[in-house]
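Chains A and B supply the protein sequences, listed in that same order. The first sequence: position 8 = 8 (this note's numbering), numbered continuously. The second sequence: position 76 = 189 (this note's numbering), numbered continuously.
If a hint is listed, it holds; no wrong ones were tucked in.
For the chain B half of the interface with chain A, some residues (derived, Cβ under 10 Å), not all of them:
1. 117
2. 119
3. 122
4. 148
5. 156
6. 163
7. 202
8. 208
9. 217
Treat the hints as calculated values from the structure; they're not laboratory data. C-beta: ideal position from N, C-alpha, C; glycine also.
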Amino acid sequence: DAGVTQSPTHLIKTRGQQVTLRCSPKSGHDTVSWYQQALGQGPQFIFQYYEEEERQRGNFPDRFSGHQFPNYSSELNVNALLLGDSALYLCASSLALGYNEQFFGPGTRLTVL
Amino acid sequence: AQTVTQSQPEMSVQEAETVTLSCTYDTSENNYYLFWYKQPPSRQMILVIRQEAYKQQNATENRFSVNFQKAAKSFSLKISDSQLGDTAMYFCAFIEMDSNYQLIWGAGTKLIIKP
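Chain B extracted, bound-state conformation (with noise of 0.2 Å):
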């Protein structure tokens, strides 16, 4: 079966601190997207980054970046520099190319940047 699994519920850092979010998926299939996206307050959710499972290196957007375990089935996130604005939920989901298009997605981390 398809599944992601966030295992903290919530994280608390002090603002310009580093924090990394644990994802980790199942799928049998080999052809993929991971993404991780954030849903502050307001509801809309956002795209953060996304990874390609084909691809070795690591995606990267500015502050945020990714480390991809494919043999692991592990996508963790990692915030630099964080900011209070990054305070949100956080999502880490996939979709299989092969056989659907549909995005599983976690339970969710709850982050809350201190100042």
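Excised from the complex, chain A in its bound form (with noise of 0.2 Å):
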């Protein structure tokens, strides 16, 4: 049974560039939620995708977006990068809305040049 999946694992990128990270949930899973986690702190919420709508977002600019597509899987998407975008991206998922424990990916690692 494949845990989360995340693609790519590293990348870098320029200011003013656009970047795309990909999400695979955990099998039987249907509800992914991304967080960025800045280095020595903690992550912080973007958004949550259920039935491929957004459900429920945290304080980040219009310049983060995301999808869910049919088979469960997102994006996240971020315009025009600035210096301070430089994180972790983790994707978590779980089982329908509400609390059920999140399952995270490894991660991909942006930075910003």
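Combine both chains into one complex, guided by the hints.
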């Protein structure tokens, strides 16, 4: 049973560019949440997707957008990258809305130069 | 505002010793879950232990146990018989059940187990 997978593992971009990160949830899960973890800090909630819609959003600008596909996989898009967007981006999957244990992927390390 | 405070940026103990990590949180809700997550150098976030706020009994998972003080909004993690594999970042987090389901995280405690 495959757990949560994320791609790519590492990514280097320059300021102003756009980036897309991908996440495949654990088998049987239908809800995907995205978190940003800056170096030396705890994760910050970006948004959560369920039934292909954004259900909740944290305090992140519109430059951060996402998508969920019919197979429950998800993408996180960040436009007009800033140096401050450099972070580890974590994807977590769970079963349905409400509280169910979130299982995390290994993350994508994004470096913005 | 919902916040989680971990006052110990880094701790180190000898293998086989017992260590306690501190966590305080702030919420106006009465229905929430509390968690301790472990993040080793591999970066994979792993759930260590979970506590439902409505339960008075402290949760335990093998060598891991919590001291949950609801009135004080305190949620500490005790690791007994520490092992080298316990070396990791440990994050305290909570989720409110009545208003939203966002995990709110602390800044983490770096735990080093020395041989």
